[in-house]
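Novice: One-letter residues, chain by chain:
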Amino acid sequence: MKVLVFIKRVVDYNVRVKVRPDGSGVDTGGVKMSINPFDEIALEEALQMREAGTADEVVVVSAGGNECQQQLRTGLAMGADRAIQIDTDKTLQPLSAARAFLALIEQQQPGLVLLGKQAIDDDNNQTGQMLAALWGRPQATNAAEIVINGNSALVTREVDAGLEVLDIDLPAVVTTDLRLNTPRFVKLPDIMKAKKKPLDVVALGELTSHDDTNLQIGQWSPPAQRSKGIMVDDVAGLVGELKNRGLL
Amino acid sequence: MSKILILAEHANGQLNQATAKCVTCAKAIGGEVHLAIFSNDGQAVAKQAAGLADVSKVLQIDHQDFSHPLAAQIAPELAAQADGYGYVLAPSTMFGKDVLPRAAALLGVNQVSDIMAVNSARSFKRPVYAGNAIVDVTVPADSLVVATVRTASWAAAGEGGSATIEQSAPQSDRPAHTRFVELRTEAGDRPDLQTANIVISGGRALGSAENFEMIYALARKLKAGVGASRAAVDAGYVPNDMQVGQTGKIISPELYFAFGISGAIQHVTGIKDAGTIIAVNKDADAPIFEIADIGLVGDLFQVIPELEQALS
Ligand SMILES: Cc1cc2nc3c(=O)[nH]c(=O)nc-3n(C[C@H](O)[C@H](O)[C@H](O)COP(=O)(O)OP(=O)(O)OC[C@H]3O[C@@H](n4cnc5c(N)ncnc54)[C@H](O)[C@@H]3O)c2cc1C
Ligand SMILES: Nc1ncnc2c1ncn2[C@@H]1O[C@H](COP(=O)(O)O)[C@@H](O)[C@H]1O
Numbered sequence: 000m001k002v003l004v005f006i007k008r009v010v011d012y013n014v015r016v017k018v019r020p021d022g023s024g025v026d027t028g029g030v031k032m033s034i035n036p037f038d039e040i041a042l043e044e045a046l047q048m049r050e051a052g053t054a055d056e057v058v059v060v061s062a063g064g065n066e067c068q069q070q071l072r073t074g075l076a077m078g079a080d081r082a083i084q085i086d087t088d089k090t091l092q093p094l095s096a097a098r099a100f101l102a103l104i105e106q107q108q109p110g111l112v113l114l115g116k117q118a119i120d121d122d123n124n125q126t127g128q129m130l131a132a133l134w135g136r137p138q139a140t141n142a143a144e145i146v147i148n149g150n151s152a153l154v155t156r157e158v159d160a161g162l163e164v165l166d167i168d169l170p171a172v173v174t175t176d177l178r179l180n181t182p183r184f185v186k187l188p189d190i191m192k193a194k195k196k197p198l199d200v201v202a203l204g205e206l207t208s209h210d211d212t213n214l215q216i217g218q219w220s221p222p223a224q225r226s227k228g229i230m231v232d233d234v235a236g237l238v239g240e241l242k243n244r245g246l247l
Numbered sequence: 000m001s002k003i004l005i006l007a008e009h010a011n012g013q014l015n016q017a018t019a020k021c022v023t024c025a026k027a028i029g030g031e032v033h034l035a036i037f038s039n040d041g042q043a044v045a046k047q048a049a050g051l052a053d054v055s056k057v058l059q060i061d062h063q064d065f066s067h068p069l070a071a072q073i074a075p076e077l078a079a080q081a082d083g084y085g086y087v088l089a090p091s092t093m094f095g096k097d098v099l100p101r102a103a104a105l106l107g108v109n110q111v112s113d114i115m116a117v118n119s120a121r122s123f124k125r126p127v128y129a130g131n132a133i134v135d136v137t138v139p140a141d142s143l144v145v146a147t148v149r150t151a152s153w154a155a156a157g158e159g160g161s162a163t164i165e166q167s168a169p170q171s172d173r174p175a176h177t178r179f180v181e182l183r184t185e186a187g188d189r190p191d192l193q194t195a196n197i198v199i200s201g202g203r204a205l206g207s208a209e210n211f212e213m214i215y216a217l218a219r220k221l222k223a224g225v226g227a228s229r230a231a232v233d234a235g236y237v238p239n240d241m242q243v244g245q246t247g248k249i250i251s252p253e254l255y256f257a258f259g260i261s262g263a264i265q266h267v268t269g270i271k272d273a274g275t276i277i278a279v280n281k282d283a284d285a286p287i288f289e290i291a292d293i294g295l296v297g298d299l300f301q302v303i304p305e306l307e308q309a310l311s
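Protein sequences, first through last, are from chains H and F.
Per numbering that gives the first Met the number 0, the first sequence starts with residue 0, numbered consecutively.
Per numbering that gives the first Met the number 0, the second sequence starts with residue 0, numbered consecutively.
These are computed hints drawn from the structure, not numbers from a lab.
One or more hints might be untrue.
To spell it out: a stretch of chain F is covered by chain H in this simulated footprint if at least three of its residues, at any positions, have a beta carbon under 8 Å from a beta carbon of chain H; those stretches are [unchecked claim]: (1) 69 to 78; (2) 134 to 140; (3) 253 to 266; (4) 275 to 284; (5) 290 to 296.
Here are some of the chain F residues that sit facing chain H, going by a computed Cβ distance under 10 Å [as the list claims (entries may be wrong)]: (6) F94; (7) V117; (8) V180; (9) T246.
A virtual CB, placed ideally from N, CA and C, is assigned to each residue, including glycine.
Same shape as in the complex, but just chain H:
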């Protein structure tokens, strides 16, 4: 089975981004960029499937400018067999991304497609579901466990009430949650090896000519700050303060 994993280049989760004073966006100049954490988990899962013999090829795909080749190379160093860059200088809204991803799926014919449940920059949580809809295939979002059984898979999903198990036919789209696995560290020799692995570039326009941008992004602002609180010395102080405020 071939597994396609979509990985997005995002501001590293440890960076506290700041809104530019003119409200035109956030400052990303010079900040550390990484593979979206959920996508790294998706890639780790695909690699474990290959190691277990359920997958035989792992392909990482990223849509973006040449800078996303950095994350694709990291994906190759983690162990992906090959990489594809969907070359675009535009910020793709989820439906546009899904449309392009579907075109690539039709070329590559994977048995399983993995995405992160959400990109930690736009926090949209849409692309996987949209891809599954356009493809007319099953979706299992927020996966905490994936068990492949031949032509179907049992996926345990994180839902508000606890855990839900779905049985889905393959091919299918699965999006990953944090508890699915812990991604491996990249070793130095693997970074060297990754330089020799194939990285193909396909122009966005070769995959889709459809423009699905229907949202206009306007002014950015910093979040409302909570006003500075007080410190109390002990439990008596805490209880007193709560009573004063009428909270107990």
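Got chain H sorted already, so can you dock chain F with the ligands onto it with the hints?
Specialist: Below, chain F with the ligands alone, put in the same frame as chain H:
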């Protein structure tokens, strides 16, 4: 005037309160508000929905395939029902996040995720970068608005409505490729985390599932819901549905207690709308104190029993 269709969430014959919060957001947008209920037997839920203030119609679409909330089944039907509406909304719960983007793609539009405020009928505020930035998103007049509503930003709509209930059968085909197997819940008798007035959370510092019993005991005393940091969930002290934060639950209780939680941005983003935040941490420099309304530097293993006693 525009018509707004809200995808209702329910379980065990009970309408989820997240739906009533969507109604409040819909009111801020302005328009006629309808609710869609997909169920195998939606009568009881439809009645509750019809009683929500400002809802004028409830669409009750019953089919055995809707006995479990599967996106692959519900999304095509929701898209079919959306005909004639200017807006399709759902709560930003796991259910809404699963179903709505699938419907949005079938309707050919991007979704506005997590509306936290309405600037105008077509312009909305939503959080990005784990709540580190807020952005205005405008949907042009010629486009359908499909959006999830960040429930922590909205109060629940009241009661006293008397909407008409319209029953119908599904119009679209339902795929056989996705099958429900089971739902595993650890439903206890504690108040629901997302609707509780008081929530008490524990972090990695609790150290074990057994030690979490201290948190449960305090919660019983205060009739509070119980939450946890990701670290506590990952360590197996508590089940995943108790996680508060960016990738867990976004909550807005009146009172939030954080015991032994450092205050990572991903956790804090889940409690920003809480009324009063109380933090207990033995490290005076813990970032949680930057956002806490009342902070106490101390060892939770001493503070919790003392607090319990003080409250007796
Ligand atoms: C993409 C992504 C998403 C994430 N989503 C979430 C999320 O939704 N929710 C979430 O919570 N986290 C999330 N995280 C994880 C987050 O970054 C932190 O790692 C996590 O919140 C830390 O949990 P903690 O505060 O319990 O543990 P720690 O950071 O280890 O903090 C433990 C705290 O306990 C204090 N302490 C220790 N002993 C005692 C004692 N005896 N008495 C009092 N205090 C004591 C310490 O001083 C410390 O401050 C996410 C991370 C990523 C990368
Ligand atoms: N430009 C991109 N390149 C590769 N993958 C992407 C891209 N945009 C979104 N994705 C995938 O879609 C998931 C969900 O993204 P989003 O819907 O934006 O939250 C991400 O975790 C990625 O797996």
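Novice: If a hint holds in the structure, say so; if it doesn't, say that too.
Specialist: Taking the hints in turn, this is what the structure says about them:
1. As drawn, the stretch 69 to 78 of chain F meets chain H at 4 residues by the rule of a beta-carbon pair under 8 Å; at three or more, the given contact holds.
2. With a threshold of 8 Å between beta carbons, the proposed coverage of the stretch 134 to 140 of chain F by chain H holds, since 6 of its residues qualify and at least three are required.
3. Counting residues of the stretch 253 to 266 of chain F whose beta carbon lies closer than 8 Å to any beta carbon of chain H gives 4, which meets the minimum of three for the stated coverage.
4. As drawn, the stretch 275 to 284 of chain F meets chain H at 3 residues by the rule of a beta-carbon pair under 8 Å; at three or more, the given contact holds.
5. Restraint check on the stretch 290 to 296 of chain F versus chain H: 7 residues with Cβ-Cβ distances below 8 Å, three needed, restraint holds.
6. The beta carbon of F94/F is positioned within 10 Å of a beta carbon in chain H (closest approach about 7 Å), and the interface hint is therefore held.
7. Taking 10 Å as the C-beta cut-off, the interface hint given for V117/F is violated, the closest approach to chain H being about 14 Å.
8. About 4 Å separates the beta-carbon of V180/F from the nearest beta-carbon of chain H, less than 10 Å, and the hint is met.
9. Look at T246/F: its Cβ gets to within about 6 Å of chain H, closer than 10 Å, so that hint holds up.
Consistency note: the structure conflicts with earlier hint 7 alone.
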